[in-house]
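2 protein chains.
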Amino acid sequence: MVKMKVWAPKAQKVVLSIDGRFINLSEDNHGWWSVETSEICHGTTYSFFVDDQGPFPDPRSPYQPKGVHGPSQWINHALFKWTDADWAQPSIDSAIIYELHVGTFSPEGTFAAVIKRLDYLKDLGITHIELMPVAEFPGKRGWGYDGVDLFAPHHDYGGPDALKHLVNACHEKGLAVLLDVVYNHLGPDGNYLSCFGPYFTQHYKTPWGDAINFDGAYSDEIRRFFIDNALMWLRDYHFDGLRIDAVHAIVDTSAIHFLEQLAAEVNALEAKLNKKFVLIAESDLNDPRLIRSVDLGGYGINAQWNEDFHHALHSLLTGEQQRYYVDFGKLGDLAKALAQGFVYDGCYSRYRHRMHGRRLKNVSAHQLVGFIQNHDQIGNRAFGERVGHLLPQEKLKIAAALVILSPFIPLLFQGEEWGVSSPFLYFCDHVDKKLQDAVYEGRKNEFKDFANVSDKIPHPQAEETFLQSKLKWEELTEQKHAELLEWYRRLISLRRDHPDLRQESTEIDFNEEKLWLRMKRGSILLVCNFGEKAQSIPCQSAVKYRLLLSSSNTIRYQDNFISIPSTAVAIFKITI
Amino acid sequence: MVKMKVWAPKAQKVVLSIDGRFINLSEDNHGWWSVETSEICHGTTYSFFVDDQGPFPDPRSPYQPKGVHGPSQWINHALFKWTDADWAQPSIDSAIIYELHVGTFSPEGTFAAVIKRLDYLKDLGITHIELMPVAEFPGKRGWGYDGVDLFAPHHDYGGPDALKHLVNACHEKGLAVLLDVVYNHLGPDGNYLSCFGPYFTQHYKTPWGDAINFDGAYSDEIRRFFIDNALMWLRDYHFDGLRIDAVHAIVDTSAIHFLEQLAAEVNALEAKLNKKFVLIAESDLNDPRLIRSVDLGGYGINAQWNEDFHHALHSLLTGEQQRYYVDFGKLGDLAKALAQGFVYDGCYSRYRHRMHGRRLKNVSAHQLVGFIQNHDQIGNRAFGERVGHLLPQEKLKIAAALVILSPFIPLLFQGEEWGVSSPFLYFCDHVDKKLQDAVYEGRKNEFKDFANVSDKIPHPQAEETFLQSKLKWEELTEQKHAELLEWYRRLISLRRDHPDLRQESTEIDFNEEKLWLRMKRGSILLVCNFGEKAQSIPCQSAVKYRLLLSSSNTIRYQDNFISIPSTAVAIFKITI
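Protein chains in written order, with the numbering used here: chain A, 1 to 576; chain B, 1 to 576.
Pulled out of the complex, with its shape left as it was, chain A reads as follows (with noise of 0.2 Å):
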């Protein structure tokens, strides 16, 4: 016997579908609705009616074999094989994440295509996959931001049983896997969620789509909706941690916010199964809250990503200023976010027309993610170019450095460490029409005041677009890209191999004219040659210093001075 439920707190009847047969669910407290039934079996299909209204998907379907408009598939998780029962993840200060998107991934597109490639991540050096969102969305191709089974693993990617078979087999490798989830808004299209609950509010607006209803009448099962669901991954599917997109975007003005209960919760289960998970969240806010301790008035949220130095390296190494980068640009900009965390720490930003941030204060530099790029800074330019596209091999090198060495967690972007040439352009596959219009208009517009863009930027419904993202491997054997990957890995090894680059301590200095940095972590110290000429950068005297890496051949160590080529990083060992 299964006991189905479905909530729907204004319904005044709910029906059960299983292949023509109809079951009546009862009603119990809080607008819960149930029915223990033996019709029901893992791999059932079956579909619910509210009102004599539907066939709808289960709003908690563990599968949709068909697609986000299709009947839901019943799964008994207790049915898969897990063979982790000793992995423990490694501390979250150790970690180098990569971020991988499973369409685009391999050729095939699918979670056991990933397995072949597991190898090579963990001989990179990486501890971490991040998967971005895998919930079921509409059609077969898309970035998965516009999922609308949340339970539900994307069929096309293969389904439950495949994406179990994946975390246990990163597990089996020794890498940790988390998951990227949306909860601040939901996708239009195969979105039924309404025809059971409140599930949205029109008291606040995302930019995505209706805001979802955190702190009104029945929220406290919506809230539920979503804890249950981050719970599921990380109990069921065995994630390590999930990624959760754009905190920014849910507004919940409760006495406990939607984060803080998640938080909670995930301590509950950490502490009933003996596990360790983490939290690392998405947020524009700039706010320590996020991620401060309960106790502090915190969310705690154990890390949450920063963007701020994403910018001021950009900014500084491409010289863009469109957009948000006109914020940046400085190599002070990029140095406050090595010391601190947030370059917009309460002052005025020209790009939002306003004062923007707080001070970090009680948190840890490792409760912040750093990286020169992830899907959303490549994906959301016109042309999906990546940082390999924008800069010569030598700034890449540099780039990567202050990501791998910086006092963040550093997190890479699929292909990045061998400089990819496959843009990651915006893709997606729905059925409706109107809405692939829709899209595609919006994306133009995003662009309209850059000439000669609007009208070249890739239809997001083509296949093509989705074909073109996809990594090409191929290039791991050019001379170019090895040997890019081959300084990623060393870097990697670095910072696996030394424990100072592990410890938050951070001694910044630069020189905005002549463009140089020095970043002293512990007894590494990593200098870098920003300019266009070589120079020679002041360093301590009385102590001694032994070259670790760099990315040239002409690094000289000198009495008070390292001398090093234009465009050039070198990390060094300093002792006594």
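Check before you lean on any hint, since a few could be wrong.
[To be verified] Heads up, simulated DSS-like pairs for lysine-lysine below, C-alpha to C-alpha not over 25 Å straight-line: (1) A:Lys444 to A:Lys205; (2) A:Lys10 to B:Lys448; (3) B:Lys10 to A:Lys448; (4) B:Lys361 to A:Lys361.
[Unchecked claim] To spell it out: a stretch of chain B is covered by chain A in this simulated footprint if at least three of its residues, at any positions, have a beta carbon under 8 Å from a beta carbon of chain A; those stretches are: (5) 344-352; (6) 419-430.
[Stated by the list, open to error] To be clear about the criterion: a stretch of chain B counts as covered by chain A if any three or more of its residues have a C-beta under 8 Å from a C-beta of chain A, and this derived list gives those stretches: (7) 196-207; (8) 215-226; (9) 522-533.
By construction, these hints were calculated from the structure, which means they are not laboratory data.
Every residue gets a Cβ at the ideal spot worked out from N, C-alpha and C, and that includes glycine.
The hints should help you fit chain B onto chain A, whose structure is shown.
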């Protein structure tokens, strides 16, 4: 020379108009426009034109002698002769607050007329009077929550000078003065702010109109507008503190919440002027963050109204279960409020259809304001009934004892102390007929579920509705009213004379079935019989009880019991 300034960040041209003469302003930084002119002095009337639209009153008009649609009048605050240099307000711990609506407090309805009653209030034992909003609102009569010229004291109350005279007179009498300010919305009528800048946002909604733009583009100067308003009342009008209306409708997701910034800037003004100010918020969130210290992630507001205590006491005494009272009614609710502050501290609220609030931690009971009535709790009823209309005198005495001897800061609403027979109805005075009708329809709609109510609701626009709400001071000579007044006076004396009643310590015992409650506050014991039969309430043995005050002549203390008749309260001093 006076420097005239106005913020209009998107304007191309701003002109100052004085009696048909026009002076161009020039653009400064961050959207500010200014001009130095000798044409303006104390008393000059003026207005602004923005991009040839106008005339508009100054958004920061210090005075609107002809109402919300008329010109502004410039005021030199330095000219007023204050005589309160030695004034220092008493600590909030020992405060008894008296909420007062200038228009209905006296027959005249002016600031000046309030002065005549200050001796009465002082004699009653009041320490702080709290004025309902006085900022210029449309028409001649109104509660004041639809004010639109937030820097201008209402002309019909007497304007800036009369208000300063009132505050000065209070200080001379030894009374502190608080002002109710509305920072969550502005009224619809006479609201010209949008002609100057993006003061409002479409991202959030409030029940009363467009939400204020506290966190979007250009919000720095909008936050300044409200904070400068607060600082003006404290600095230029010598108010001792502010009551901040409905802070739950202030939606601000930025890293430093508007209220935290407000509290910090008020603290800075305290330091500068070597004075103490108090900030009290009205909040529907039951969120301790509001009143926690900034170090613990709070906003640093000094205190907030405790609605739960009101609802628990009101519902218990009246038996009412309509609207939000559905969540209250048990003696246990009142006991919990007295012991812990909030009743809804994370538990499920039937009224709200969700869990509500959070447990108070690291805050003091003196950070909560307790009352059995206030303008809202009365005026939001269909017929503006006070508890004096709903309850017999014995119950009023119980309510008064529990409010005044509670661990909270007691607040009385004008006339409560003698059980005035005047209702406090909802009244307004809009010029626009459509708005008049809309308010009336809104009012009727609010009570549409109550039979025989909605068609009898007094028209808010009718002068009679306002006049009915005026205090009937002549009742003070009537025996019943005089007796209740004496009861209030003696309770207030008790609180003043017994330091234990100004401590936080509160031990509560109660019996839900027998309907008795015992509240021990240091050496003071209050026992209360809410039941309809006399009963003996158990009390600690091995100590002695000296009766200080009771609502009945038949209180007996014997062995381990205090015998008390039905619906009565008694207060004892415990001695050894």
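Exercise for the section: Hint by hint, work out which the structure violates, then give me just those numbers in ascending order. Expected result: 6 and 9
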